[in-house]
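Participant: Residue numbers (my numbering), protein chains in the order written: chain A, 265 to 625; chain B, 1134 to 1252.
Honestly, the hints are just simulated from the structure, not real lab data.
Since the model is a prediction, treat every value here as computed from it, not as a measurement.
Hints are supplied without guarantee of correctness; some may be wrong.
Think about it this way: if two alpha-carbon atoms lie no more than 27 Å apart in a straight line, the pair counts; the simulated BS3-like pairs of lysine-lysine are [as the list claims (entries may be wrong)]: (1) A:Lys579 / B:Lys1175; (2) A:Lys442 / A:Lys294; (3) A:Lys311 / B:Lys1176.
For the chain A half of the interface with chain B, some residues (derived, Cβ under 8 Å), not all of them [claimed, not checked]: (4) Gly308; (5) Leu312; (6) Thr417; (7) Cys507; (8) Pro547; (9) Gly550; (10) Asn551; (11) Ser553; (12) Tyr570; (13) Lys572; (14) Thr578; (15) Lys579; (16) Glu582; (17) Arg585; (18) Arg587; (19) Pro595.
The beta-carbon is built from N, C-alpha and C at its ideal position, and this holds for glycine as well.
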Amino acid sequence: MSKRTIIPFGPQHPVLPEPVHLDLVIEDEKVVEAIPSIGFIHRGLEKLVEKKEYTEMVYVIERICGICSFGHGWGCVGAIEGAMGIEVPQRADYLRTIWHELSRVHSHLLWLGLLADGFGFESLFNHCWRVREAVLDIFEETTGGRVIFSVCTVGGVRKDIDNATLRAISQKLEEIKKETQKLTGVFINDTSVKNRLCGVGYLSKEDATELCTVGPMARASGIVQDIRLTGNGVYDEIGFEPCVETAGDCWARCKVRIDEIYASINMIQTAIDKIPDTEIAVPVKGNFSGEFALRMEQPRGEAFYYAKGFDEPTKFMERMRVRTPTNMNIPAMVKTLQGCDLADVPMNILTIDPCISCTER
Amino acid sequence: MSEEKKYLIQNFEPITPDKLLERVRNLKDEGYRFVQLCGINKKDHYQLLYAFDLDHVMLLLRMDITPDEEVESITKEYWPAFIYENEVHDLFGIKFLHNALDYGGNFFTTSEPTPWAIK
């Protein structure tokens, strides 16, 4: 029997922008077991519910993550609106969907760049992030922020986008699509890239189901699971179809995210064509009461939001719970690491698209 | 309610600690996916909220426990629940029995131990 060695991986490692630690049990360059450790930077943002009024919590919750901040804000206000029975104007729902899908495009482009960086394709990384900058420019033009937007509010959105700007965004997205196509062909077809991704980190549909996997990780293993199918936002009006692959390896996870970039661009353009001219918010008054559990499909997968008021309505909530997608995909990551080569560990970790900032909310 | 608005369905079901494992086993057999577990400090007791999903519809089990009550782990049925049970343990001080991967209070690094616990 070969000698077993434990190699500590992280919390500081070139492929990890944020701290997560793995104890890798190695036998002849093969990983036989991986034990994850998180919790290095737990921020306790949920506990701020004791100090922030329910209308202010959105600005805390959207700071959970610098990539999917808008989706967190939407999830937070969505849960509050659900508990209080607030109906949001249609234009606000369209604008939320547009910003959320733009977030998905920028998140997936960011991830493609990180993946390219991980397998040593530096120029591909640079180009992915160059294209991503154009999406951040749209955020800046429409919200004033590139990372934290603060446009979601209980009852709607705080800023409108005029129709001329929306049409310009639609045209800009056409350019982004063309630029992205030049890059994604490399991820899908290039032999050296496929050598690093195909057949690596295989997760069967059965294992993905057993491990309660979410998001692109689940869809790359053939599970048709996407919270956008639950009817939140305007997805049923803009032709949403989940992107699913069946290979279950790193390449399939990459392909799902690439397909989702194009699907998101198409949905945004459809939303821009259909957006109605209504109010963008309804006035919200009074104290908070009730409870509501809501899920959002973030770029990394299903996120869970739960808002609960006290028995006596007050300005404060009793509990604001957020469960982010990376939490749910860590068990699957551990599974894909078992039996893989030590050299493939970075690809396995990267293809769950881990966000420790989200996990350590 | 239309088929398209599944997110509006709020299925909260009360459960007692002695019935938890049996109910969770049934949910597993029915094909439910585990979504999350969280704790709520109710000042004089704790509440645990277990969320499951089947065909994009959520079911939430609500369980009240006394401050010093120990809870059976559901990791035998849903292994990924180890993350949440360790989290609830470290933040609320609630102990889970037979957790498949128990970090012994070292899952989260917090400046004060069990910050959400009943004081």
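Participant: Against each hint, give a clear statement of whether it holds in the structure.
Facilitator: The hints, checked one at a time:
no.: 1; hint: A:Lys579 / B:Lys1175; result: 17 Å, holds
no.: 2; hint: A:Lys442 / A:Lys294; result: 40 Å, violated
no.: 3; hint: A:Lys311 / B:Lys1176; result: 14 Å, holds
no.: 4; hint: Gly308; result: 6 Å, holds
no.: 5; hint: Leu312; result: 12 Å, violated
no.: 6; hint: Thr417; result: 20 Å, violated
no.: 7; hint: Cys507; result: 16 Å, violated
no.: 8; hint: Pro547; result: 22 Å, violated
no.: 9; hint: Gly550; result: 21 Å, violated
no.: 10; hint: Asn551; result: 19 Å, violated
no.: 11; hint: Ser553; result: 14 Å, violated
no.: 12; hint: Tyr570; result: 7 Å, holds
no.: 13; hint: Lys572; result: 7 Å, holds
no.: 14; hint: Thr578; result: 14 Å, violated
no.: 15; hint: Lys579; result: 18 Å, violated
no.: 16; hint: Glu582; result: 7 Å, holds
no.: 17; hint: Arg585; result: 5 Å, holds
no.: 18; hint: Arg587; result: 4 Å, holds
no.: 19; hint: Pro595; result: 4 Å, holds
In summary, the numbered hints that this structure violates are 2, 5, 6, 7, 8, 9, 10, 11, 14, 15.
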